[in-house]
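This is what each chain is made of:
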Amino acid sequence: MESGLSDLLSVSIDFGTSHLFFPTLITWIMAVLFVLVVVTQVVPFLAAVRRGERALPILGESMDSLRFFGTLALIVAYFHLMTVVGDMFPYTGYGFLFVSIPFVFLMSLLYLHEWTRKALVIVTLTAFAAPSLAWLILAKLFQITLP
Amino acid sequence: MEILSLLDVTFFLLTALGALVGIVFGAIPGMTATMAVAVCLPLTYALGLNHGLALLLGLYVGGISGGMVPAVLLNIPGTPSSITTTFDGYPMARRGEGERALKISVVASLVGGLISAAVLFLFAPLLADFSIKFSYIEKFLIILLALTVIASLSHNMLVGIFSGVIGIWLSLIGDYSISDGGNGKTRLIFDFMEPYLFEGFSLLPVLIGIFGISTILLEAEKGVKSDLSDERVKIGKGAGATFSLALFKGRLTNLVRSSFIGTFVGMLPGVGGSAASVLAYTQEKNLARDSSQMGKGAPQGLIASESANNALTGGALIPLLSLGIPGDSTTAVLIGAFTLQGIQVGPLFIPENAETWYVMMAALIFANVVMFFLMFYAIKTIAKVVMVPKHILFPIIVMMCVVGAYAINYGIMFDVWTLLIFGVLGYLIQKVGLEVAPLIIGFILGSQAEVYFVKSLESAGTLTIFFTKSPIAVVLWLLILASVAFSITMSLKNRAKHRHELLG
Amino acid sequence: MPVFKKTIVGLGSAVLMTSLSYGIGAAQAQEGQLRGNVRVVIGSTSTGGDTYQNSSIVVDQLAEKLDINMKVDAVGASSAFRTLDRDARGNTLMIFHDQSYLGHLYGVEGYADIFEKYTIGPTVAINPGNAYLVPKDSPYETLDDIIAAVGEGETVRVAIQPGGVSEIGFSALKNAIAIEHPGQEDNLVAVNTGSQSDKNQLLFDDQVDLINGSVQANEQYTRLPEDDQKAMRFVWLTARQETIQQAPEEGLGQTTREQLLEFVEPNVHVTMGDDETFTFDKEFFFLYNKEMDPGIVEQIDEALAEIFEEGEIQEIQKSAFFIPNFRPSGEASEYLEEKRSRYEEIIENIQ
Numbered sequence: 001m002e003s004g005l006s007d008l009l010s011v012s013i014d015f016g017t018s019h020l021f022f023p024t025l026i027t028w029i030m031a032v033l034f035v036l037v038v039v040t041q042v043v044p045f046l047a048a049v050r051r052g053e054r055a056l057p058i059l060g061e062s063m064d065s066l067r068f069f070g071t072l073a074l075i076v077a078y079f080h081l082m083t084v085v086g087d088m089f090p091y092t093g094y095g096f097l098f099v100s101i102p103f104v105f106l107m108s109l110l111y112l113h114e115w116t117r118k119a120l121v122i123v124t125l126t127a128f129a130a131p132s133l134a135w136l137i138l139a140k141l142f143q144i145t146l147p
Numbered sequence: 001m002e003i004l005s006l007l008d009v010t011f012f013l014l015t016a017l018g019a020l021v022g023i024v025f026g027a028i029p030g031m032t033a034t035m036a037v038a039v040c041l042p043l044t045y046a047l048g049l050n051h052g053l054a055l056l057l058g059l060y061v062g063g064i065s066g067g068m069v070p071a072v073l074l075n076i077p078g079t080p081s082s083i084t085t086t087f088d089g090y091p092m093a094r095r096g097e098g099e100r101a102l103k104i105s106v107v108a109s110l111v112g113g114l115i116s117a118a119v120l121f122l123f124a125p126l127l128a129d130f131s132i133k134f135s136y137i138e139k140f141l142i143i144l145l146a147l148t149v150i151a152s153l154s155h156n157m158l159v160g161i162f163s164g165v166i167g168i169w170l171s172l173i174g175d176y177s178i179s180d181g182g183n184g185k186t187r188l189i190f191d192f193m194e195p196y197l198f199e200g201f202s203l204l205p206v207l208i209g210i211f212g213i214s215t216i217l218l219e220a221e222k223g224v225k226s227d228l229s230d231e232r233v234k235i236g237k238g239a240g241a242t243f244s245l246a247l248f249k250g251r252l253t254n255l256v257r258s259s260f261i262g263t264f265v266g267m268l269p270g271v272g273g274s275a276a277s278v279l280a281y282t283q284e285k286n287l288a289r290d291s292s293q294m295g296k297g298a299p300q301g302l303i304a305s306e307s308a309n310n311a312l313t314g315g316a317l318i319p320l321l322s323l324g325i326p327g328d329s330t331t332a333v334l335i336g337a338f339t340l341q342g343i344q345v346g347p348l349f350i351p352e353n354a355e356t357w358y359v360m361m362a363a364l365i366f367a368n369v370v371m372f373f374l375m376f377y378a379i380k381t382i383a384k385v386v387m388v389p390k391h392i393l394f395p396i397i398v399m400m401c402v403v404g405a406y407a408i409n410y411g412i413m414f415d416v417w418t419l420l421i422f423g424v425l426g427y428l429i430q431k432v433g434l435e436v437a438p439l440i441i442g443f444i445l446g447s448q449a450e451v452y453f454v455k456s457l458e459s460a461g462t463l464t465i466f467f468t469k470s471p472i473a474v475v476l477w478l479l480i481l482a483s484v485a486f487s488i489t490m491s492l493k494n495r496a497k498h499r500h501e502l503l504g
Numbered sequence: 001m002p003v004f005k006k007t008i009v010g011l012g013s014a015v016l017m018t019s020l021s022y023g024i025g026a027a028q029a030q031e032g033q034l035r036g037n038v039r040v041v042i043g044s045t046s047t048g049g050d051t052y053q054n055s056s057i058v059v060d061q062l063a064e065k066l067d068i069n070m071k072v073d074a075v076g077a078s079s080a081f082r083t084l085d086r087d088a089r090g091n092t093l094m095i096f097h098d099q100s101y102l103g104h105l106y107g108v109e110g111y112a113d114i115f116e117k118y119t120i121g122p123t124v125a126i127n128p129g130n131a132y133l134v135p136k137d138s139p140y141e142t143l144d145d146i147i148a149a150v151g152e153g154e155t156v157r158v159a160i161q162p163g164g165v166s167e168i169g170f171s172a173l174k175n176a177i178a179i180e181h182p183g184q185e186d187n188l189v190a191v192n193t194g195s196q197s198d199k200n201q202l203l204f205d206d207q208v209d210l211i212n213g214s215v216q217a218n219e220q221y222t223r224l225p226e227d228d229q230k231a232m233r234f235v236w237l238t239a240r241q242e243t244i245q246q247a248p249e250e251g252l253g254q255t256t257r258e259q260l261l262e263f264v265e266p267n268v269h270v271t272m273g274d275d276e277t278f279t280f281d282k283e284f285f286f287l288y289n290k291e292m293d294p295g296i297v298e299q300i301d302e303a304l305a306e307i308f309e310e311g312e313i314q315e316i317q318k319s320a321f322f323i324p325n326f327r328p329s330g331e332a333s334e335y336l337e338e339k340r341s342r343y344e345e346i347i348e349n350i351q
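Chains as they are written, first to last, in the UniProt record's numbering: chain A, 1 to 147; chain B, 1 to 504; chain C, 1 to 351.
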């Protein structure tokens, strides 16, 4: 009995495959919990959806598609162009500076509801000032590597 | 009184400057205390040892404290160790109590910083001897104890634990790092991902992605409306926004306990700084007479979190100065300052460099005081950040997140893409009803849990070692059991109350 | 709406013009020379470690000599190699040490054959500190005691970080035991662990009998009284005798050069067979993208030669406990390849 228990608790880990030990354990725990969550939460929820009591997340909700997908598109373009432009001027931070200005400007416009002259002036000013300030202080003063 | 002659005006000016710059770094989402210290490290060569240390310690204290600002006002932890500050700080800010939340945090930070400085000064060598009693096994148990907060933090325990396990799983992606003693092989990724994910996702981009970018996506989905709605103008007005020291009445135990937890966790090399505030938060949640409001905007949560993360500073200096081993990532950079000056840190540092030791203590205490005054009186202005219209604020947040993510590992573009990946993931997680806080805690603690767990088993070959290793292990198990038992009773109680309300 | 359009156009042309003027500026610079901002990535993520410290000494001097902006970034081995792979223009350079080829020899993921994939640049310095230590109250007085004990069937456990610089001494020791006491080498057991604090911790816990460490990180521990749980003792420095002889006379901390010399060859003898003694100097050198202009290789070689001629850098290096060690690119490449083949033999022997 005694030895049975200690056998059960003994674990031998081979160094060569030790990188898989913990991930395997966690993956199994995650799988078991997933099944439990599906059974106790998701199934009742879907039943409620079918009865029309609740709406599906994302699909069943109303959303501001222009602003949501516009944000995603802008961010993707921002990250991508930063590398491209940054590559033209290696390690100067110009990639960050030149791409951040239009990004901040466009994203502000995307979120701005009432396009008054005053609001646009403020948007334009911050779009130039904020990235320039960040670039000056971080890339120039503190010499942090920027794209 | 030779010491006094070393403390000239420049010394105090540099400490104050350090604290100020540190606060700014800490307050920018994505910029951390570690980065502030690393950036200014080359300056110390010109300044000389004492003045250099004054600047760096100022940066360290300021950087850790500054993290509270975006945590409270924007729900983005400025540094990983201010993650638990968001739990109560942001709900308070949304109620229009941002200023009050910040003031509570600043006071808690000051107390935490000073208590840990005192502990460092009085007991450093003694505690260093105690800290080496913690082997892989005890460290694993500490991480496990911190992980138990997941259970008490989640709204639905099953979903919360599931989210936490997902977080741990995500943290294991990439290689089992050689520098942690692993075998350097990758797992949980496909070959084509290896150029990007060899080292896995790094913590900071994940954190600001999941908090910062996903918040913006959620807002964008709703159309980024109501720029200056009522809740946001209430700052500084409203009766609830006043601050007085009376808020700390009855919170003294919490304050002192959390400070000691912070110091203690800081002291253990390898147990990351973020564990300190998580652990302090867990303990407050478990031990407080009434913790039902925690996570919904309770000052006690802020006190626990902020006193613990500032106490980290003194704690992390203990192994650095009495074993030559850094207690966290910032002190690891501080070692550079010593080696640049040709000074060795190790068990004989304090006896052999008494002068430097006193100078450091002076800088540490002064930095805490400066941090307090700078922040306490600037808060009114700082808190106005939330009044900046969202269409101006959001693009700038994204921009600063990019800078932080890119700079954290000294210039890696994939860290910027990580922002987007986890921004979208964070959005989806919240949409399908998974819980963000447990997930991120799992992510923060996951990789350490792995190393300590696997290494313990590798050497002992049996699971019994976790119970039989030492008296410390037994005490830790008792704490873990108490914490789990507490979360279960709490959840049962809540359920009963809920049912009662439904019936009544 | 018109306001918006105008701004966009204005903005676009401003960016375009700035970029154009810069593009021209860059093109006008001389071919085959470093230009613009140069980033030196290193194979370590620590800014408190020896790689960073050594690199910043060298890079500071180089930047001043060449009058360009240079900056050291501690991105870590795998990111450093990747960054270097992508840039053949000479804006990215790398500095690393013997780990770069030892990682490949030990088959660690992420390490390619550097002699094939990159151009080897000049060597600049040696860190002479690689050491092995035992607890102060250890029954083993010298490394010979350990070799003899293992030869008689005793198990000796050694804490190392696998896959590189920390393991090479262990491998050599194992090889020496295999030569002197064939069949007994498996009694020398590696305990794989991570940072220096983990290695120390294992020694404090009596989980190992010998640890890999360094003069810099462990010197103070060797001066603790014997009854202190943390006290340690050097038994072996892997550096060559000539290397330690170049160290400053006062040594490091309160351990003099004289004392350090007790722990190197010929006082400590780790055989490689045929009367050859194993030594290991941890050397720092540049790595370049294979496609980079040879003009730049030459330019850096010349600049460094001048810097080492002037002699100031040696003083800085020595005060930081580095041994100056300049070899121009071609020579360095030959030397390191030869060094690698010797270690390759050892690693193959014990497999």
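There may be inaccurate statements among the hints.
What the hints assert, rightly or not - Each computed EDC-like pair below joins lysine to aspartate or glutamate, with the alpha-carbon atoms no more than 20 Å apart:
{"no.": "1", "chain 1": "A", "residue 1": "K140", "chain 2": "C", "residue 2": "D60"}
{"no.": "2", "chain 1": "B", "residue 1": "K431", "chain 2": "A", "residue 2": "E114"}
{"no.": "3", "chain 1": "B", "residue 1": "K225", "chain 2": "A", "residue 2": "E114"}
{"no.": "4", "chain 1": "C", "residue 1": "K65", "chain 2": "C", "residue 2": "D228"}
{"no.": "5", "chain 1": "C", "residue 1": "K117", "chain 2": "C", "residue 2": "E265"}
{"no.": "6", "chain 1": "C", "residue 1": "K71", "chain 2": "C", "residue 2": "E226"}
{"no.": "7", "chain 1": "B", "residue 1": "K249", "chain 2": "B", "residue 2": "D191"}
{"no.": "8", "chain 1": "B", "residue 1": "K225", "chain 2": "A", "residue 2": "E61"}
{"no.": "9", "chain 1": "C", "residue 1": "K65", "chain 2": "C", "residue 2": "E345"}
{"no.": "10", "chain 1": "B", "residue 1": "K133", "chain 2": "C", "residue 2": "D228"}
{"no.": "11", "chain 1": "B", "residue 1": "K133", "chain 2": "C", "residue 2": "D186"}
{"no.": "12", "chain 1": "C", "residue 1": "K318", "chain 2": "C", "residue 2": "D228"}
{"no.": "13", "chain 1": "B", "residue 1": "K469", "chain 2": "C", "residue 2": "D301"}
Read the hints as simulated data drawn from the structure, not as lab findings.
Tested hints:
no.	hint	result
1	K140(A) with D60(C)	holds (17 Å)
2	K431(B) with E114(A)	violated (29 Å)
3	K225(B) with E114(A)	holds (11 Å)
4	K65(C) with D228(C)	violated (49 Å)
5	K117(C) with E265(C)	violated (34 Å)
6	K71(C) with E226(C)	violated (44 Å)
7	K249(B) with D191(B)	violated (57 Å)
8	K225(B) with E61(A)	holds (17 Å)
9	K65(C) with E345(C)	violated (40 Å)
10	K133(B) with D228(C)	holds (13 Å)
11	K133(B) with D186(C)	violated (30 Å)
12	K318(C) with D228(C)	violated (32 Å)
13	K469(B) with D301(C)	violated (56 Å)
Checked against the numbered hints given earlier, this structure breaks hints 2, 4, 5, 6, 7, 9, 11, 12 and 13; the rest are met.
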